[in-house]
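S.K.: Read off the chains here:
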Amino acid sequence: MVKHKHTSGFSLLELLITVSILSVALGLPLMIFRSSERMQNTVTTRSALQASARLALDRIAGQLESSSLGVIPQSVLGPGLWSSTVDFQRAGDWNGASVDWAPAERIELIASAEDPDDGVDNDSDGLIDERVVVWITDVGLSTERRRVLVKDVPETLAGEIAANGVDDNGNGLRDEPGLCFEFSGEQIVIRLSLQGRDSSNARIEHSEVRRVALRN
Amino acid sequence: MKLKSGSSPTPARSERRRGVALLSVLAVLTGLLVLLATFQHVTVRRSDETAASIDERRAFHLAETALNEGMIALRAGSTGAVGGVGAPAYFGGGVFWVDAVDLGSAQTRLTATALSGSGRAALEAVVMIHSPEPLFSSVLNSREPLQLASGVVIDSYASALGTYASQVSSTYNGYNFANDGGNVSSNADITFASGATVFGDATPGPGHSCSFSSSTYVSGSTAAALEPFSFPPIRVPTTPIVGNLVLADGASSTLPSGKYGFTDVSIGRNANLTVQGPATIVCTNFTGEMYANLKIDATNGPVTFYVEGSYTHVNRFEASPVAGSPMALAFMITAGGPLGFPPGAKLRGAYYAPNADIQFTSGIEVWGAFAANRISMAANTKFHYDESLMDHWNNQGPDGDPLEVLVWRRAPVTPHALTIDRRDPYTVLGVERTALLSPAESWIDA
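Respectively, the protein sequence lines represent chains A and B.
First residue of the first sequence? That's 725 in the working numbering, and the numbers climb one at a time after it.
First residue of the second sequence? That's 118 in the working numbering, and the numbers climb one at a time after it.
Isolated chain A, as found in the complex:
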């Protein structure tokens, strides 16, 4: 009987070995899974930022390309100078002698209403003082309308440190904001950075550059 009882159960050593093997067998894949999940999450966040930035630049470029340097009143022109706002008009029809220009429009980087520029994360999204890009049509008219093109724009372009007078990210501009327009001949170079946080709360930034040739 004693012998029978002994053979029907497990010794403490056997149990410990079994638990150890099970721990390793289950823990290792779990660790790999969680690690890949974190990586996947980071990639997904970065991919989403990239998609948002490209979409925003598509829309901005799509508006600007029908414009002309002659109807863009700019105070900052030339390589090395930037502006976070661009006022422009798009070409309408040709009236036989000249272009009928559409009402004035503006693309502008402004502080987010939910997170004013005060150094605090007012909207508790893990980002501080983020900006938004707005597209304003019919500027100054009663029909003026504002649309947000993209949110979560950082104060400065990726790699740039604010107000230190140095070109930190080596793109030829100094202290440029998260959205900036650089005029180069008859082209406008648009730079945009977006920021976000992944599941592990790590801050992720992504930048896109688009060069737009003005067609009129």
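Hints should not be assumed to be uniformly reliable.
Not close to chain B: a few residues of chain A, all C-beta gaps over 12 Å, as computed [claimed, not checked]:
{"no.": "1", "residue": "737"}
{"no.": "2", "residue": "755"}
{"no.": "3", "residue": "779"}
{"no.": "4", "residue": "792"}
{"no.": "5", "residue": "793"}
{"no.": "6", "residue": "822"}
{"no.": "7", "residue": "837"}
{"no.": "8", "residue": "842"}
{"no.": "9", "residue": "844"}
{"no.": "10", "residue": "858"}
{"no.": "11", "residue": "870"}
{"no.": "12", "residue": "891"}
{"no.": "13", "residue": "938"}
Some, not all, of what chain A presents toward chain B, calculated at C-beta under 8 Å [to be verified]:
{"no.": "14", "residue": "790"}
{"no.": "15", "residue": "794"}
{"no.": "16", "residue": "940"}
Facing chain B, according to a computed beta carbon distance under 10 Å, are these residues of chain A, among others [stated by the list, open to error]:
{"no.": "17", "residue": "745"}
{"no.": "18", "residue": "775"}
{"no.": "19", "residue": "778"}
{"no.": "20", "residue": "782"}
{"no.": "21", "residue": "786"}
{"no.": "22", "residue": "796"}
{"no.": "23", "residue": "824"}
{"no.": "24", "residue": "849"}
{"no.": "25", "residue": "907"}
{"no.": "26", "residue": "909"}
{"no.": "27", "residue": "910"}
{"no.": "28", "residue": "939"}
None of these hints come from the bench; they were simulated from the model.
Where a beta carbon is used, it is the ideal one built from N, C-alpha and C, also for glycine.
Given chain A, put chain B in place with the hints provided.
M.R.: The following block gives chain B in isolation, referenced to the frame of chain A:
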């Protein structure tokens, strides 16, 4: 079963355990399938969105190609239309067609529509084809009657070949001259005062004639033109204004080739401004002060000033080429009213002022060409037409291209049904891919 179950309970527990295992596996498998289906749904949706975005971009680039194809066709003398909705051109994995509407006055509206996958895009441009007529084919060209004062002598040379003095090789009636390409023309009559001498043609406007006084001479033809000169309006290039270009007295500066916009361009006393061509400078006002020098380096292209306000030419201001460069300088002056030059001025380059009345005071010598509403001169003025000017400033668009884009914009896709039906272009249009022609084969001639 009862017997087995009653006689031995252990196997029954074992069967129950096997059932639990099966259920567990099924539950896990179901969960995995749900996850897989969700993942696949998200992936497919993202893939579709990406594909649609790529198709839209491809369609846009295809529409740009289509518009350019229409422009190439126009330049070649075709209508600009390429294919049609029923027989589009095949290019780059998509299809396009271009509709062309003649708006008169050498203007054409081109509407390009392109389809690529599910992408749709349409672009529109109004373009103008300029005639190849040179702006400066005569040393003097006036819309109003032209009166050549007494003792005026006109001949020609080529600044691309060297200085005028180095090209003087002939003598006639006591006058030394270089070449006999010193043409004068007018859209009205041409009158010669006594002793006026032209080594070239004198071409009055259609139905008009030349009238001569004593001792006048024309080496070439005096036949009237078949068509009047059009004096096309100046189309000032679109250039942002970035301030003033002011050279202080005695200062020197070089403007590299490029396109510039200034409010004022002012070259101070004894100052030197060198401009490297090709260059286009748009300004409101231009002033050349006393003894100021405007040096032109047109080795790589001409230098053109567009002056929209006043042109002030102070005594002793001179423009001249740098060594080895032709004198390819032109002032396009849009303003009307009188445009005067001080006595004794040495003028080099070309002036196109279709709304202005140019006055040459006494002692002036000119190496270049002038086209204006009216031209008058003091006696004994000497004009030397620069034949090298024919190489530049044809009656073309501001960029030197006979085809000028007057306006460019995105347009709605027509017919509108194309924006709703997003199937592949061949199915939507009901065409066979293999039957479609290339863009060049799809030109529609008049």
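S.K.: For each hint, tell me whether it holds in the structure or not.
M.R.: Hint by hint, here is what the structure shows:
1. 737: holds, 25 Å
2. 755: holds, 20 Å
3. 779: The claim is violated: residue 779 of chain A sits with its nearest Cβ about 8 Å from chain B, within 12 Å.
4. 792: It is violated; residue 792 of chain A is separated from chain B by about 5 Å at its closest Cβ, not greater than 12 Å.
5. 793: violated, 5 Å
6. 822: At roughly 8 Å from the nearest Cβ of chain B, residue 822 of chain A sits no farther out than 12 Å, so the non-interface label is violated.
7. 837: Answer for residue 837 of chain A: holds, closest chain B Cβ roughly 29 Å.
8. 842: holds, 36 Å
9. 844: holds, 35 Å
10. 858: Holds, since 21 Å exceeds 12 Å.
11. 870: holds, 22 Å
12. 891: Nearest chain B Cβ is 22 Å from residue 891 of chain A, so the label holds.
13. 938: Its Cβ does come within 12 Å of chain B, the nearest being 9 Å, so this is violated.
14. 790: holds, 5 Å
15. 794: At 4 Å from the nearest chain B Cβ, residue 794 of chain A passes the 8 Å test, so the hint holds.
16. 940: holds, 6 Å
17. 745: violated, 20 Å
18. 775: holds, 9 Å
19. 778: It holds, given that the least Cβ distance between residue 778 of chain A and chain B is near 8 Å, below 10 Å.
20. 782: With Cβ-Cβ at 8 Å, under 10 Å, it holds.
21. 786: At about 7 Å, which falls below the 10 Å cut-off, the nearest Cβ of chain B leaves the hint on residue 786 of chain A intact, so it holds.
22. 796: At 7 Å from the nearest chain B Cβ, residue 796 of chain A passes the 10 Å test, so the hint holds.
23. 824: With a closest approach of 9 Å, the residue 824 of chain A hint holds.
24. 849: violated, 23 Å
25. 907: At about 8 Å, which falls below the 10 Å cut-off, the nearest Cβ of chain B leaves the hint on residue 907 of chain A intact, so it holds.
26. 909: holds, 7 Å
27. 910: Constraint on residue 910 of chain A satisfied, holds at 8 Å.
28. 939: holds, 4 Å
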